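**Q** If you read the sequences in order, they're chains A and B.
Numbered by my numbering, the letters in the first sequence go through residues 1 to 280 in order.
Numbered by my numbering, the letters in the second sequence go through residues 1 to 259 in order.
In case anyone wonders, no lab produced these hints; they're calculated from the structure.
Be aware that one or more of the hints could be misleading.
[Claimed, not checked] Here are a few chain B residues that face chain A, going by a calculated C-beta distance under 10 Å:
| hint | residue |
| --- | --- |
| 1 | G76 |
| 2 | T77 |
| 3 | G82 |
| 4 | I83 |
| 5 | N106 |
| 6 | P135 |
| 7 | H136 |
| 8 | Q137 |
| 9 | T154 |
Only a predicted model underlies this, so the values are computations on that prediction, with no experimental measurement involved.
Every residue, glycine too, gets a C-beta built ideally from N, C-alpha and C.
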Amino acid sequence: MSIVDADIAFVAPPKPTGRRVSRKAGDHSWRYIALGLIFPASVLLFWQIAAQQRWVSDVFLPLPSKTAWAFVTMVEKQDFSHDFLASIRIVGQAFFYGSVVGVLFGVAAGFSRTVERVFGPTLDGLRHIPGIAWLPLIVLWIGIGAPAKILVIAKSVFFPVFLNTLQGIRSIDRNYIELGNVLKLTRGQQIRKIVIPGAMPSILVGVRYGASLAWALVVVAEGLSGQEGLGFLIFRAQSLLLTDQLLVCMVVIGVVGFAIDRSVGILQRHLLRWKHGFQG
Amino acid sequence: MSRSETLSLRNIGKTYQIDGQDLCVLDEISLDIAGGSFIGIVGPSGCGKSTLLRLIVGLDSQYDGVISLGGETVVGTSLDRGIVFQDHRLLPWMTLEQNVGLALLNSTLGQSERKERVADLINLVGLRGFETVFPHQLSGGMAQRAAIARGLVTKPRVLLLDEPLGALDALTRVRLQDELLHIWEIERITMILVTHDVEEAVYLGDRVIVMHPAPGRIADDFSIDLPYPRDRASQEFTNIRQRVLIAMGAYDGSRRRAA
Numbered sequence: 001m002s003i004v005d006a007d008i009a010f011v012a013p014p015k016p017t018g019r020r021v022s023r024k025a026g027d028h029s030w031r032y033i034a035l036g037l038i039f040p041a042s043v044l045l046f047w048q049i050a051a052q053q054r055w056v057s058d059v060f061l062p063l064p065s066k067t068a069w070a071f072v073t074m075v076e077k078q079d080f081s082h083d084f085l086a087s088i089r090i091v092g093q094a095f096f097y098g099s100v101v102g103v104l105f106g107v108a109a110g111f112s113r114t115v116e117r118v119f120g121p122t123l124d125g126l127r128h129i130p131g132i133a134w135l136p137l138i139v140l141w142i143g144i145g146a147p148a149k150i151l152v153i154a155k156s157v158f159f160p161v162f163l164n165t166l167q168g169i170r171s172i173d174r175n176y177i178e179l180g181n182v183l184k185l186t187r188g189q190q191i192r193k194i195v196i197p198g199a200m201p202s203i204l205v206g207v208r209y210g211a212s213l214a215w216a217l218v219v220v221a222e223g224l225s226g227q228e229g230l231g232f233l234i235f236r237a238q239s240l241l242l243t244d245q246l247l248v249c250m251v252v253i254g255v256v257g258f259a260i261d262r263s264v265g266i267l268q269r270h271l272l273r274w275k276h277g278f279q280g
Numbered sequence: 001m002s003r004s005e006t007l008s009l010r011n012i013g014k015t016y017q018i019d020g021q022d023l024c025v026l027d028e029i030s031l032d033i034a035g036g037s038f039i040g041i042v043g044p045s046g047c048g049k050s051t052l053l054r055l056i057v058g059l060d061s062q063y064d065g066v067i068s069l070g071g072e073t074v075v076g077t078s079l080d081r082g083i084v085f086q087d088h089r090l091l092p093w094m095t096l097e098q099n100v101g102l103a104l105l106n107s108t109l110g111q112s113e114r115k116e117r118v119a120d121l122i123n124l125v126g127l128r129g130f131e132t133v134f135p136h137q138l139s140g141g142m143a144q145r146a147a148i149a150r151g152l153v154t155k156p157r158v159l160l161l162d163e164p165l166g167a168l169d170a171l172t173r174v175r176l177q178d179e180l181l182h183i184w185e186i187e188r189i190t191m192i193l194v195t196h197d198v199e200e201a202v203y204l205g206d207r208v209i210v211m212h213p214a215p216g217r218i219a220d221d222f223s224i225d226l227p228y229p230r231d232r233a234s235q236e237f238t239n240i241r242q243r244v245l246i247a248m249g250a251y252d253g254s255r256r257r258a259a
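Please model the entire structure based on the sequences and the hints provided.
**A** So this is what it looks like as structure tokens:
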């Protein structure tokens, strides 16, 4: 007696990787990229015309070509990569510490109402003091070096990750926990196999937001204290009226922020590939 | 029958507290289920049949009476007692293979034996080729097969089926009934099927228990000795189905309305 029947026969097994079949217009992705480029290209063109026609002074808006040259000069003569990497390092570490601690606290509070009651109100209060408001005090304590910025930014990453992790754990279907009991999973196995994966969509929302926030904050933090980094460069360029260098910093900050968000988005799509219809 | 261990329920009572009031959902249920038998439990909604399964599987220990399997009192959940829920309850983030294998996480089997056992079960329920598929890519019937495979993979002594076919369309449901019979004939374990579909219970069970609600209690107990596979259209089959329906009280209402 064969027990394979029409219920199955009509459905061919999908590709074993379980990968999402390309988006509706995956073959025409260049078209989407082109569509996305129309607007920035127009802005660039307008900028070029405005600067060339001297509608605004060179001090306020240098030529795009001059800005591009400023970028080359900065890279070749002013050790731009040093400042760039300084910012990246701070954000990388702050993001790492903030999200790890956020997930750990989120899991702990998600599991134990006691933990949540003990720390909840305090954290809720601290949350409303922006990271940047902490910076002067922290600098007073540990100086203007990288650790102060890492601490302040990590704090800002911590909250969205923590809150989303907590939320994710609280919203896990009780039935799955019940299933874990039926299958005799240990507490550790329940956490690894059920709780963390179940909370993952929510955790990643926090992580993605935290990553963008960290990058935005490093510019402010470096502008306020210290002698290196993109934030330092952008404020120095302003005070020296090096508008072309200022614009270079802005563009680099924008491009990196964009890249960070897209990378986390790709990670998100990969980790949540089990979610029906999830597009990131 | 290799595992002739009786599942025995002695004076089972269960009471919920709702707004300070006691609501008795199970009252003095006593039942002996011979090892290797296929029991259908039918009854209207609210007769406590699903609650009874929860007690047997060990998800709820707040009850009166004693449940024992092969002479040992049942305490908490155990891999000896598998369950298939009405919702397939596959973890959406795991592939079919991982879902079935999850039940073996704490088994004493070695890595390769586990793999083999998972593959065997996936094969048994006819899902070979779908091992690395995520649940959302499966149809309702396929997901329920996977859940049955997960329920069986630990070689339980008893498999509890809580309306596993209730949410499926009629055609898939009839097919899966035949598969359940097939699996039962191969595995030779005790199966307890809770359903509100009398025909399903009579088609599958070698015994059908009828429960009544408020409080949940056993109203009747039919032993069905028709040979397998059964013919739903046969006179004997329809007779028994009719008797079970009458025992459930299905015809009382209509008679009253007619009068």
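**Q** It remains to establish, for every hint, whether it holds in the given structure.
**A** Do the hints match the structure? See the list:
no. : hint : verdict
1   : G76  : holds, 8 Å
2   : T77  : holds, 5 Å
3   : G82  : holds, 8 Å
4   : I83  : holds, 6 Å
5   : N106 : holds, 6 Å
6   : P135 : holds, 8 Å
7   : H136 : holds, 4 Å
8   : Q137 : holds, 6 Å
9   : T154 : holds, 8 Å
When held up to the earlier numbered hints, the structure conflicts with none and fits them all.
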